[in-house]
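Build the full structure now, drawing on both the sequences and the hints.
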Amino acid sequence: MHWWLPAKASTFTGPIDGLFLAILIITGIAFVLVEVGLIWFSVQYRQRPGRKAFYTHGNTRAEVIWTAIPAVTMVALGLISNHYWVEIKGRNSVPANAYPIGIHAKQFEWQMTYPGADGKLGTADDFTIRNQLHVPVGRPIVVQLSSEDVIHSFYVPQFRVRQDIVPGMDIKAWFQPTVAGTYEIGCSQLCGLGHYRMRAQVFVHTQEDYDAWMKQAAQEASQ
Amino acid sequence: MRKLGAMAVTGAVLALALAAWTRQPPLPAQGGAKVAGKIKFVGTKPAMPKIDMTEEPKCKAKYQGVPTEETVVVNANGTLGNVFVYVKSGLPASYQAPAAAGPVTLDQDGCRYHPHVLGIQVGQPLAIKNSDGILHNIKAKAKANRPFNISQPTVMTSSKTFDKPEVMVALECNVHGWMHAWLGVLPHSFFSVSGGDGSFTLAGLPPGTYTIEAWHEKYGTQTATVTVAGSEAKTADFSFAAK
Amino acid sequence: MTSVAATAHGAHAHHDDRSFVKKYIFSTDHKIIGIQFLFVSLFFLLVGGLLAMQMRWQLGFPGKPMPGGGVLPETMAPGGVILPEYYIQLVTMHGTFMVFFAIMPLLVGVFANFLIPLKIGTHDMAFPRINMWSFWTFLIGGLVMLSSLFVPDGAARAGWTMYAPLSARHDYSGASLGQELWSVSIIFVGLSSILGSLNYITTIINNRAPGMTWFRMPLSIWSLFITAILGLLALPVLSGAAIMLLFDQIIGTHFFDPAVGGQALLWQHLFWFFGHPEVYILILPAMGMVSDIISNGSRKPIFGYHSMVFAIVAIAFLGWIVWGHHMFVSGMNPTLGSSFMVSTLVIAVPSAVKTFNWMGTMWRGNLRFHVPMLHAVAFVAMFVIGGLSGIFMAATPVDMFIHDTYFIVAHLHYVLFGGSLFALFGAITYWYPKMFGRMMSEPWGKVHFWLTFLFYNCTFFPMHITGMAGEMRRLYDPNQYTFLQPLQPIRVFISISAFLLFATQLIFFVNFWWSLKKGKPAPQNPWEDNGLEWSLPSPAPHGNWEKVPTVYRGPYEFSSPQSTEDYLPQYTKLPTDREPARAPVAGH
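So the sequence lines, in the order shown, correspond to chains A, B and C. Okay, so the first sequence: first residue is 2 according to our numbering, each after it adds one. Okay, so the second sequence: first residue is 993 according to our numbering, each after it adds one. Okay, so the third sequence: first residue is 6 according to our numbering, each after it adds one.
Read the hints as simulated data drawn from the structure, not as lab findings. As the structure is a computational prediction, the values presented were derived from the model and not from experiment. Hints are not guaranteed to be accurate.
No farther apart than 20 Å at their CA atoms in a straight line, the calculated lysine to aspartate or glutamate pairs in the EDC-like style are these [unchecked claim]:
hint : chain 1 : residue 1 : chain 2 : residue 2
1    : B       : K1133     : A       : E185
2    : A       : K107      : A       : E185
3    : B       : K1032     : B       : D1155
4    : B       : K1235     : B       : E1209
5    : B       : K1133     : B       : D1099
6    : A       : K121      : A       : D171
7    : A       : K173      : A       : E185
8    : B       : K1042     : A       : D127
9    : B       : K1135     : A       : D150
10   : A       : K53       : C       : D571
11   : B       : K1235     : B       : E1062
12   : B       : K1032     : B       : E1164
13   : A       : K53       : C       : E533
14   : B       : K1226     : B       : E1205
15   : B       : K1152     : B       : D1101
16   : A       : K107      : B       : E1048
17   : B       : K1135     : B       : D1155
18   : B       : K1135     : C       : D176
19   : C       : K552      : C       : E584
20   : B       : K1054     : B       : D1099
21   : A       : K107      : B       : D1044
22   : A       : K107      : C       : D176
23   : A       : K107      : B       : E1164
24   : B       : K1042     : A       : E36
25   : A       : K53       : C       : D158
26   : B       : K1156     : C       : D158
27   : B       : K1152     : C       : D176
28   : B       : K1121     : C       : E79
29   : B       : K1052     : B       : E1062
30   : B       : K1042     : B       : E1061
31   : B       : K1052     : B       : D1189
32   : B       : K1133     : C       : D176
Below, the structure written as structure tokens:
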């Protein structure tokens, strides 16, 4: 039974999981304060014969305190979050040496285009495979996302990466896998009746396994 | 009494006149002519891409080797399969095709459509069968008819009809992107799909001069004009060249 | 000194010789219109619930024939097994009915109509006939939406958010007429909302009773006023977008279809520019009524009345500049992600202030836990969870992970059900005596409350967990994914809790309908409350007062040293009170 965030398999999990935990702690404190407070007040101040409520219209100092503390907390949270947001999704966030793979989404399959031996997309040795994303571990990967028809969304939970794929737009998303293994891509934007089955497998190889796979796949494709 | 009689006679005369005026022409005699032929293929047989069914193990298991796409099916005897041959024009305007007996079945088996190319009459039911028991959806990209897009998550059969002639309606499954079929909807029963021996037969034709069209999904269309009378059997061959 | 119009218009209030049809069907009486909204919206709440039950069946027991599923046609559920395309219709229609035809009309259509004239002290709305039209356009919209379930090719199925181009093109969705009827229905909903808002805003500005200054208005009215402004400005955007979508669907325009030059994101910006103010429309009236009820139940003035008003205004104002937080990963410029994050984090602050003020109201009170108070306190407890989970989404890097997962589904249900619907149960119970002259059963109200509270949390809390595990929304069968298979036991637990939750609502429905005729006859002021409506008999008569009351104080003077009772109505004149200098407006 899984009670927490998925396994960590990319460089994004550090900041994102860290931020998640920080928010959990902050909101957890607020949660406990409010819920325990409500229960405490409900018991402590329940109506009893002879009691009278304390007649007051409020307390400005208390208001200032409980306005300022959340405000300061939110500002801090915003600054930290924005730092990582720019790092992950900013316009210039894609590392220069990122390995490119084209992903074309259509109802209801994923078509991955690999750059072939020359490592460049858009050349004659590119080839396309359905529903399999093969990547080498430890290198930044940039996926160039396009859609044939409706909005889809590229999502690999263990990489913490998600990016909507919009028809009419060419969108890049990047990630760096850190753990070899197999994962899944889930389509994360309702795209029609087959949305629930629009799944692909992700294979994170060591660099040598990846090179071997690339050689074999390229060969099969050219047949 | 006399008034009644006069009315009765007038009525009868009017009724007879009306019947004469709206009288249907007699149905053409059941045709006995036949047009048959072979679809030749000229050139090198193109290699068909392999289909990787790894994502659908239930379908992959149904094949010994690796299945290939069916865009071009060249038979051992140098003929072309999956060519849809039909009477494009030439039947009299008043021709009423007899209603087809029973439905046409399109089966999804091994994540492929069987048959790959098929014909159906206007108003005849298409029984879409899912023999695989896994999710297929059938999207009919019809232009003259109402398009549809329905799913079949288990072993089941759905029925659809088409009320306008259309050559050809593209059928596809979006869950399995390699699945394609082609459906020709005609207002008569004079159509045939070339099979493993590359031959086609259009039987039971009334006498007349007909334009016969042969359609292939990659190589396009070709026509031939044939005149038949009585119980003649004429031959019309077609030839498609590799591109 | 007394209001100029008071003597002139007094006579008409009690002479009621209208026909049955004019009294109850084509009524222009704001109270009857409110009750019409109530009956129809409760019906649509039931419809929305039934749609959810079918979804939960499929999620808990995927591919199994649903009990009673045999009544559904082959196109929806052959042999009772829900088809994928029917599942996404259920998802879409559940959201659509709940937002537009249940929660929004219950909060606004019912309570804005019923409460505003009564609580500000006037005979009816400024434009009674337009008010009537706001109900009938709503009903037409609801019937059109209901009909879309029964047309060939089925209902709309692109989610209640209707993203294009899936929603715009029949060949992508498989739906045709049903999709178009959704757009048509929404146009009617927009019209109904606009007509209502015109009335609410005008009436509150112009027709308050003598002495009812802005800062003596109850928070329920403040929130309905601000909500009405939001509605007036936001609904036209939705209607406009729906018209553009309809045109794409039927007359060949291409606003949203990139294949022929349109922009998919345009729909999202238009929809969420409406959609975010909409969610504040769905919560502010609930907050306002909860304030009234908590103050009453605590026998104490609301803590920080002025801050509460400013918080409502702040939430509404900020609500216009946060819409992009629904679109962080949509493909829009990431720089916008930064700016929308800032505004979204800021909007958490006024909500926090309100929460602490509600607690401050209960602090050192003399708490009466009547059924409405139970619901109001539960509102605070549940809304806080919904609000806090929102902070995770506001932090854009985290949102990248939890967007389109069940974490979002949990959040929205905590604010809409745990928040708005609990507040509605409380509010309906609270004002039922003034509507119908009867009390709802208190013991059954408590049974309904506790069971709902239990099953509701069992249903929706676990969704935070499945969302964290990465479970996406709108999946017909999550078990297709290896990483989601281990969560099936949680899905089963949620489904069973949901069935029990739905069954429990029957208690409320039976209590509601039975009490109409068999409930205890209600006294004039059963809750010992201070609002103007409690100066009238239960039920309130047509025209409300012969002569509108004069207001001498704010609405929350509980346990005031000026009174021997622990409440002091707004309309009670004490020897020390002076008449207001002038009637605030030339109302009657």
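Going through the hints against the structure:
no. : hint                 : result
1   : B:K1133 with A:E185  : 31 Å, violated
2   : A:K107 with A:E185   : 17 Å, holds
3   : B:K1032 with B:D1155 : 33 Å, violated
4   : B:K1235 with B:E1209 : 13 Å, holds
5   : B:K1133 with B:D1099 : 18 Å, holds
6   : A:K121 with A:D171   : 17 Å, holds
7   : A:K173 with A:E185   : 19 Å, holds
8   : B:K1042 with A:D127  : 17 Å, holds
9   : B:K1135 with A:D150  : 18 Å, holds
10  : A:K53 with C:D571    : 8 Å, holds
11  : B:K1235 with B:E1062 : 16 Å, holds
12  : B:K1032 with B:E1164 : 27 Å, violated
13  : A:K53 with C:E533    : 15 Å, holds
14  : B:K1226 with B:E1205 : 15 Å, holds
15  : B:K1152 with B:D1101 : 19 Å, holds
16  : A:K107 with B:E1048  : 17 Å, holds
17  : B:K1135 with B:D1155 : 12 Å, holds
18  : B:K1135 with C:D176  : 11 Å, holds
19  : C:K552 with C:E584   : 15 Å, holds
20  : B:K1054 with B:D1099 : 15 Å, holds
21  : A:K107 with B:D1044  : 17 Å, holds
22  : A:K107 with C:D176   : 13 Å, holds
23  : A:K107 with B:E1164  : 13 Å, holds
24  : B:K1042 with A:E36   : 61 Å, violated
25  : A:K53 with C:D158    : 64 Å, violated
26  : B:K1156 with C:D158  : 19 Å, holds
27  : B:K1152 with C:D176  : 17 Å, holds
28  : B:K1121 with C:E79   : 14 Å, holds
29  : B:K1052 with B:E1062 : 16 Å, holds
30  : B:K1042 with B:E1061 : 6 Å, holds
31  : B:K1052 with B:D1189 : 27 Å, violated
32  : B:K1133 with C:D176  : 8 Å, holds
Hints 1, 3, 12, 24, 25 and 31 from the list above are not met by this structure, while the remaining hints are.
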